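Engineer: Each chain is listed here by its residues.
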Amino acid sequence: MSISRRKFLGWLGAAGMGTAMGSSADAASNKHFTGYPGSMGVLHDINRCVGCRSCEAACNKVNELQSPDQVFTDLSVLDKKRRTTSDAYTVVNRYDPATGTGREKEEPVFRKIQCNHCLEPACASACFVRAFTKTKEGAVTYDASVCVGCRYCMIACPFNIPAYEYDEAFTPRVMKCTMCHPRIMKGQIPGCVESCPKEALTFGKRDDLIKIANERIQKYPDSYVDHIYGEHEMGGTNWLYISDVPFERAGMREDLGITPAPQLTSGALAGVPIVVGLWPVLLTGIYAMSKRKEKIAQEEEAQAVAQAVAGTEAEAEKKLSAALAKAAKDKETVVKKEVKKALEEAAKAKEES
Amino acid sequence: MSQEAAVAGKAPFTPDRSLFTRFNVIAGIIVIIGLVITILRFSGGLATVTNLDDNYPWGIWIGFDLMAGVALAAGGFVTSAAVYVFGMKRYHSAVRPAILTGFLGYALVVVALHYDVGRPWRLPYPFIMQQGTTSLLFEVAACVALYLTVLFVEFSSAPLEWLGLKKARNIVVRLTILLTIFGVVLSTLHQSSLGALFLIAPSKLHPLWYSGYLPVFFFISSIIAGLSMVIFESTLSHRYFAHKMDETHLREKEGVALGFGKAASLVLAGYFAIKVIGISVDNNWHLLGTCYGAWFLVELLGFVALPCFLYAVGVRDKNLTLIKWTSGLTVFGVALNRLNVCLIAFNWHLPSDEKYFPHWMEIGISVFVVTLGIIVFRFIVTRMPILYEHPDYKDGH
Amino acid sequence: MDVFYTLQDFMTYTKGVTYLLMAAILLGMAGFWCFLTDRDEDE
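Taken in sequence, the protein lines are chains C, P and D.
Its first residue numbered 1, the first sequence is counted upward by one per residue in the numbering used here.
Its first residue numbered 1, the second sequence is counted upward by one per residue in the numbering used here.
Its first residue numbered 1, the third sequence is counted upward by one per residue in the numbering used here.
Just so you know, these hints were derived from the structure itself, not from any lab.
The structure presented is a predicted model; accordingly, all values stated were derived computationally and were not measured.
From the three backbone atoms N, C-alpha and C, an ideal C-beta is built for every residue, glycine too.
Honestly, I wouldn't trust all of these hints.
[Unchecked claim] Straight-line Cα separation of at most 20 Å, SDA-like style, residue types lysine to any residue; simulated pairs:
hint	chain 1	residue 1	chain 2	residue 2
1	P	Lys204	C	Ile217
2	P	Lys89	C	Asn160
3	C	Lys291	P	Glu233
4	P	Lys324	P	Glu233
5	C	Lys295	P	Lys204
6	C	Lys291	D	Asp9
7	C	Lys291	P	Arg174
8	C	Lys295	P	Gly289
9	C	Lys198	C	Ile217
10	P	Lys262	P	Lys324
11	C	Lys291	D	Ala30
[What the hints assert, rightly or not] Quick list of simulated restraints, FRET-style, between CB atoms:
hint	chain 1	residue 1	chain 2	residue 2	range
12	P	Val36	D	Cys34	29 to 39 Å
13	P	Asn55	C	Lys31	41 to 51 Å
14	P	Val36	D	Phe4	28 to 38 Å
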């Protein structure tokens, strides 16, 4: 039973490990990071978007992406919900009012989807070759020259943004919006922002954009939901949204929380070196104990065997000496008898002569 | 295998009539199909042979071949720990088969990985180019690479004996305890980290499967999978390779099944308990009444609680048949759990017309990879001292 | 590296150091165990 006790201790260690990992073995729990100061961003005003898809066309041109089957002026594509693809860094979706709610007369809502350039990008946290970088300009960029194509970034992104060139045999890349980082470095603004006819996109410093957004909300309180999407979601993003309708209505998830992605895995990562530090000690200890137990068991067995052997030997010897004594006694009796007989015969012979 | 089938399939000019056994023919067909799909995959890209898309970047090559494969190969560290660290000498004959299964399992995981990643020739990049140290996948990659090396060295004693390289073999055997401990450390790390991979996507994994305890769940269930795979593999080996087993192996077999079955029952009980705790900690009881909740209960009751109970009954009654069938049930259950976390409970928000189902060619490669494993297993087991002790090395390892 | 602006940068650095430490710990442990058990009597 002590064997299962030992095993139980081992599992207890693992379970205790897990509890530690589950709570706050978070190395950065008391640290606060505010991001690169003065980083740029884009404010998307959903209220102003009319779904003209000019931004899509501009993005396609600026990034020299493949021309789609349907031209950008074709608004029938809005009948279906789309997501970003390996040929489209950005898409605009139309969100119709839900049927059966009595709100069918409401106007449809249009929203532009693209990489949100998170302050703490999940893709950068997930990538095992550091192919993603959060630049100080605010853009999250991708380095195709080191990418192995594991696609963990696509699993990690809470906004489902990165797309993959599955039909490329030899040079498949992850494809996503770059916030036109090369253009920003040259002092220009992103292609989509430049092309928007309704000023639904504003490029500027993130801090300024938050101020502008708050001002706009305060100025037209009946036209805006009092929330800047991206201010805190997933730890904050550089692409911000304000809207006249609840964000859920515009197809945006409101249940993502404010925990930045790297913090989601920091607990598990923190457990790794503890296992490395303590498991060898634990296991060597168990090994030493089991070896000791084995040695003691061997010694006890040897002792028991020796004792048993000594016991049987002593008993055998006792039997032998008893038999020898008896044999000697018997012999003595016989000899006495013979001597007596001889003496009697000698006396008889003497009498007769 | 069956001689009649072999004779029936014999071509007139074949000198070795036993080559076309039923197994060989089927395996051969699978291998040929696999090779064709391989060419398609690498000449045409992933889109040619998979149903992967931007919403489902990981399919069955990750969900099954990698995740389930690594869990099922855990018998190596579990058995060697039991025998060498915990000193349970009566399971000694199970070590080499378990190490072999483990080694082949991990090797095949690496093979499957070459199919899945976009640029497999860049697989060494995280080690030689840039280290994504914040990534749990980096940790998985490092640990799997190191552990595959450990398994290879542990396994190498058998081919070294086969080749008669006494000196090298003795060095390897002297390293046993060190390799075993290192193996347990590495296994703990990567088995748990495979679960931890999903910690980064709480919005995508159904809350009944998403938990801060994912790493613990994966580690504990890997022990369960390892124990059960040893029993399962032993059952199959006994059926097809009994003629290769020596007296010790045959004698200890029952003890292995009873002992490992007992351990598996105990660990399954613990796993069940912590799974329930996981629900409680996140207050997800109400979710059990949903559709996904029902599926979660199928996994928890049918493939955790049930095998726990069946193993216990089997051990108490010394019912080896029950234990053997339960090991199969358990192995299936752990594989099911990996598929649930990776594919079925993943993206649970998505409408059903956007959900993923593997392309037949993806299944083809998975079957191909497993078949390769069986072929290599058979080659090794019929020639090298795995199921028996080499007469020259009876000193005991 | 003077200051870290993002948690991501902070963790990249600290985890990097940690991995190197882990390798050192494993090698060190093995060596230390040899030192500890060197003079154990042979049975």
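Engineer: Run every hint past the structure and note whether it holds.
Structural biologist: Results of checking the hints against the structure:
| no. | hint | in the structure |
| --- | --- | --- |
| 1 | Lys204(P) with Ile217(C) | violated (31 Å) |
| 2 | Lys89(P) with Asn160(C) | violated (52 Å) |
| 3 | Lys291(C) with Glu233(P) | violated (29 Å) |
| 4 | Lys324(P) with Glu233(P) | holds (10 Å) |
| 5 | Lys295(C) with Lys204(P) | violated (54 Å) |
| 6 | Lys291(C) with Asp9(D) | violated (46 Å) |
| 7 | Lys291(C) with Arg174(P) | holds (16 Å) |
| 8 | Lys295(C) with Gly289(P) | violated (56 Å) |
| 9 | Lys198(C) with Ile217(C) | holds (18 Å) |
| 10 | Lys262(P) with Lys324(P) | holds (12 Å) |
| 11 | Lys291(C) with Ala30(D) | holds (18 Å) |
| 12 | Val36(P) with Cys34(D): 29 to 39 Å | violated (53 Å) |
| 13 | Asn55(P) with Lys31(C): 41 to 51 Å | violated (34 Å) |
| 14 | Val36(P) with Phe4(D): 28 to 38 Å | violated (51 Å) |
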